[in-house]
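Residue numbers (numbering that gives the first Met the number 0), protein chains in the order written: chain E, 0 to 516; chain W, 0 to 407.
No lab work stands behind these hints: they were computed from the structure.
Treat the hints with care, since some could be wrong.
[As the list claims (entries may be wrong)] Result set (DSSO-like, lysine-lysine): computed pairs, CA atoms no more than 30 Å apart in a straight line:
| # | chain 1 | residue 1 | chain 2 | residue 2 |
| --- | --- | --- | --- | --- |
| 1 | E | K411 | E | K492 |
| 2 | E | K86 | E | K432 |
| 3 | W | K27 | W | K110 |
| 4 | E | K115 | E | K86 |
| 5 | E | K274 | W | K27 |
| 6 | W | K228 | W | K326 |
| 7 | E | K290 | E | K432 |
| 8 | E | K250 | W | K27 |
| 9 | E | K370 | E | K424 |
| 10 | E | K248 | W | K27 |
| 11 | W | K55 | W | K370 |
| 12 | W | K27 | E | K290 |
| 13 | E | K370 | E | K295 |
| 14 | W | K27 | E | K295 |
| 15 | E | K290 | W | K55 |
| 16 | E | K431 | E | K399 |
| 17 | W | K27 | E | K399 |
| 18 | W | K313 | W | K326 |
| 19 | E | K477 | E | K431 |
| 20 | E | K279 | E | K424 |
| 21 | E | K447 | E | K431 |
| 22 | E | K477 | E | K93 |
| 23 | W | K110 | E | K290 |
| 24 | W | K68 | W | K110 |
| 25 | W | K27 | E | K279 |
| 26 | E | K370 | E | K248 |
| 27 | E | K166 | E | K274 |
| 28 | E | K115 | E | K290 |
| 29 | E | K86 | E | K471 |
| 30 | E | K399 | E | K432 |
| 31 | W | K313 | E | K447 |
| 32 | W | K393 | W | K55 |
| 33 | E | K115 | W | K393 |
| 34 | E | K370 | E | K399 |
| 35 | E | K447 | W | K326 |
| 36 | E | K115 | E | K432 |
[Said to hold, decoys possible] A partial selection of chain E residues facing chain W, derived with a Cβ cut-off under 7 Å:
| # | residue |
| --- | --- |
| 37 | N223 |
| 38 | G240 |
| 39 | T336 |
| 40 | E345 |
Model, not experiment: these values are computed from the prediction.
Note that the Cβ used here is the ideal one computed from N, Cα and C, for glycine as well.
Spelled out from the first residue to the last, the chains are:
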Amino acid sequence: MKFISGKIIITGIACLLLSVAGHARTNDSVAWPVDYSLLPVRHLWLRVENPVAYAGIGDAMDIRLAYGHTSGSYKHLSDPENAHGGKVSVEGFKQVGRLHFFGGFSYGISTLNGQKWNNVLMPSPGNPYLLADSIGGDYNNELFDIRGAVASAINDQLTWGIAATYKGGSSADENDPRALIDAVRYSLRPGILYRFSRFSLGADIGMEGYAEKIGMDSYQGTSNFVFFQFQGLGNYFPDSGNSHSRRYKGKAFGGNIQVGWERSGMENIFQLGYKNNVEKSEDGATFAPFKSGDYKENSYSVSDIFSLKRNEVIHIARLSFDYIPTKGIWYDQQRVTDTNNQTAWEVFNQSVQYRNRVSRATADYGLTKEKDGFADYAFGGNVAFEQQDASFLPETYRQKYSTLTATLRGEKTFRLPNMFLLGLKANAGYRKKLSSEADFNGIALAGKWSYPVFEYLTSDYYTGGLRATLHKPALLGKLPAMVYLTAGINYTKSTLTTANFNEPHRITAFSVLGCTF
Amino acid sequence: MKRTLFNFLFIAAISLLVFSSCSDDDEKVAVRYTIDVTVQYPDGYTDGSASDIEVKATNTQTGTSVSAKTNANGVAQFSLASGVYSFTVAQETEDFVFNGLLENTTIAEDKSLSITLHASAVSGGLVFKEIYYSGSRVPGSSSSSSYFHDSFTEIYNNSDEIIYLDNIGFGALDPATSNTPSPWMDENSYPQDRLPLYGYTFYFKGSGTDYPLQPRTSIVIAMDGIDHKDDPAGNPDSPVNLGNADWELYVGHINDGKDADAPGVPNMEVLHATQPTAFDALYSVFGPAMVIFSFPEGVDPAVFATDAANLSTKPGGNTTEYLMIPKDHIIDIVECVNHDGRHNKRVPADLDAGLTFIEAGTYSGKSVRRKVSQIIDGKVVYKDTNNSTEDFLKDQTPTPFVHPTTVD
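Given the sequences, and given the hints that come with them, work out the whole structure.
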């Protein structure tokens with residue numbers, strides 16, 4: 000397995016140590032840190048992408064070490080049978096003069112057992128141009144991300160901010176055809192906010208980049224594997240041999256505008272957003288590449304977040320609607336040999352072969368009663384509607400469905416002796432398929448890929464989770480800290496009974512050891 | 000303030016519209032194209048129009064195929080997605096076998112195409128019953144010790160008369176594989192009237208009546224006539240025992256003893272060699288174009304092979320001389336190609352309008368075997384339409400000396 004550059008890990012640890020040092024305080028007046036997870040509740044602007052939100056945050060920092068294990072047969076065909084991994088992450092806010100800084104770093108390693116039909120790491124979730132083999136194996140993954148932002152109020156009216164992220168990872172499989180994947184995603188997002196009277200106008204633009212490199216080789220040089228260059232809905236363009244390679248490149252550009260107002264403990268943010276994302280893939284030699292599909296995505300979003308604070312109770316309601324039309328462009332190519340006997344791929348036709356339209360509408364409400372920096376109690380609910388309509392041309396393969404998911408959640412914090420705090424969270428939900436339609440007649444992998452994936456996406460299921468967190472304030476040297484230990488479990492039970500599924504479930508157990516400063 | 004807010008929202012809305020309209024909606028959507036394929040009988044054949052004949056369109060890159068029948072005007076209409084297609088026609092009448100091939104046709108618009116059929120008499124004769132060329136994998140080894148010495152071909156007398164094997168030639172066409180276009184094609188990409196043989200070429204040296212092959216029986220020609228499973232020099236994972244082969248392709252007397260001579264298995268006579276140093280008579284594991292052929296009346300094969308008029312160097316190649324066999328002396332020929340989609344034809348369409356290959360790839364221990372057309376009095380009649388796509392089954396477990404008992 001290829002390891003992430005040691006420089007990146009050292010940089011992250013250095014950030015951690017600096018942040019901890021910056022947070023050291025004297026013991027004269029101990030102010031215990033509050034619940035870090037309540038920051039988005041207290042600061043509504045943290046719920047939008049505009050980095051000006053960081054200008055309103057005081058000093059806070061959180062370090063955590065997490066471990067999780069997932070297993071169960073209710074899964075997407077390309078997900079592993081089971082997975083486990085650990086992750087260390089640190090993030091924090093720091094004010095220096097008029098500048099407000101945010102920094103975050105995380106590094107995680109995981110093992111994905113029994114993963115098939117998936118030899119990619121970071122393409123967009125809607126990108127149909129994926130690479131796979133039907134053998135699969137056990138994958139070892141490393142993922143890291145670095146996040147940073149700085150924001151500052153120039154005067155009472157104008158605030159600016161800029162945020163950057165860098166996320167990278169690698170994945171390796173030791174089973175022929177063994178895959179070695181390296182990927183990176185990065186973004187830069189500047190934003191501004193102009194306040195006047197009770198109103199505020201904000202805008203941010205985002206620029207993103209993506210690159211991924213996949214190499215697949217066989218130890219047995221005479222092996223012959225089929226490499227599936229997927230085109231959408233399980234349709235694929237075949238290649239065979241004992242090795243294969245692919246390269247992705249992507250760019251995204253978008254922005255949001257926000258209109259906010261606040262008054263007497265009420266705050267509202269209305270946001271319009273747009274994003275254009277293009278990802279292109281090529282296979283084979285760089286001097287004679289095979290174009291394996293261009294993915295183009297437009298994303299339109301409108302949302303409204305409303306917050307009301309009365310005494311220590313915070314109500315937050317959110318309505319959002321997203322419309323995401325996407326298309327996949329396929330290039331029809333043939334091998335040509337030039338006078339120097341060099342073989343290359345020549346494009347003789349290109350057309351939109353794949354289309355998908357995703358619509359999502361969400362309504363969410365939450366109430367939080369704060370006490371001494373923690374949620375004394377909280378509850379809420381969420382209803383989400385999703386509709387997808389995908390088609391593959393010219394064969395007119397089709398996949399269309401809509402679902403409605405409703406979730407309830409609740410939380411209570413108990414004060415125990417010796418300054419211990421025990422927080423219990425629970426959630427329960429149900430997803431119902433409202434409509435579904437599929438026509439995969441003619442797809443070679445219909446029974447092996449298309450229908451199992453369709454059944455997974457449209458299954459009714461029950462879901463629920465429990466989480467317990469024990470907090471204890473402590474002085475680490477002179478540094479007030481809130482140490483916490485979390486254990487939790489999430490469970491999803493599907494009602495599917497088909498040739499591919501027999502009332503499957505998926506369970507995730509996790510634990511976190513953390514410290515807030 | 001309200002005016003500022005209104006102006007801001009107006010500008011923002013316009014900006015969003017501009018952004019979203021910048022998307023390239025002028026990209027064309029994938030459609031199907033109407034392809035009219037007109038099938039014509041060859042000149043001189045006047046027995047009606049080419050109607051009700053099945054034409055098969057095969058996407059050469061994905062392997063998917065669709066068929067359509069010609070109408071009263073001899074036109075078969077297809078509705079095809081963009082791609083590279085080969086169109087094949089195979090028809091069998093009482094007296095003739097008709098084959099037509101239009102290969103590697105790019106479809107990206109509505110088109111009208113034409114296929115002229117080639118006719119060959121239905122007279123039976125010698126045919127390749129099975130060709131095992133893929134080799135087998137040595138258990139627990141790296142690629143360098145994959146095993147290919149267990150290859151064989153089986154030749155069958157598909158007629159109801161005795162055929163004498165005397166002075167019949169055996170070999171494979173150049174290029175050795177179908178990976179690249181053949182340099183032997185003329186300026187119109189058609190094969191010439193003489194076909195080049197590569198590697199070792201053999202013949203059954205006899206007086207004319209020395210080697211009778213009874214009707215509906217076969218001979219097995221082995222690269223090495225040993226039990227490849229049990230022999231210490233063999234491969235325990237080989238699927239074949241060729242210790243009882245009828246003939247062996249022995250070349251040790253040509254290449255300074257590099258090849259072993261299996262005792263008890265008669266050796267075929269070497270007719271010609273492009274590479275006399277090659278240590279075995281290996282025909283490519285990626286798919287050879289195997290051929291059996293005759294010689295002009297009264298010509299000694301050995302004399303034929305040394306006559307400079309029957310030798311040629313490769314266009315654009317070096318000084319290596321290839322033995323050239325006239326097309327009209329080909330008895331049977333099978334176009335085996337690479338499984339990976341590189342299907343550059345070497346065989347003229349009128350001799351073999353199709354192709355076959357091992358889908359499992361090299362060293363898979365699989366063979367191609369001709370389909371059984373009929374069983375008459377317990378004897379097999381194999382299918383022979385001069386179209387390997389139609390005539391052969393892929394990925395078979397090799398069964399030398401064994402003939403099926405049911406029709407395929």
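Which of the numbered hints are not met once you compare them with the structure shown? 2, 6, 7, 13, 19, 20, 26, 31, 34, 35 and 40
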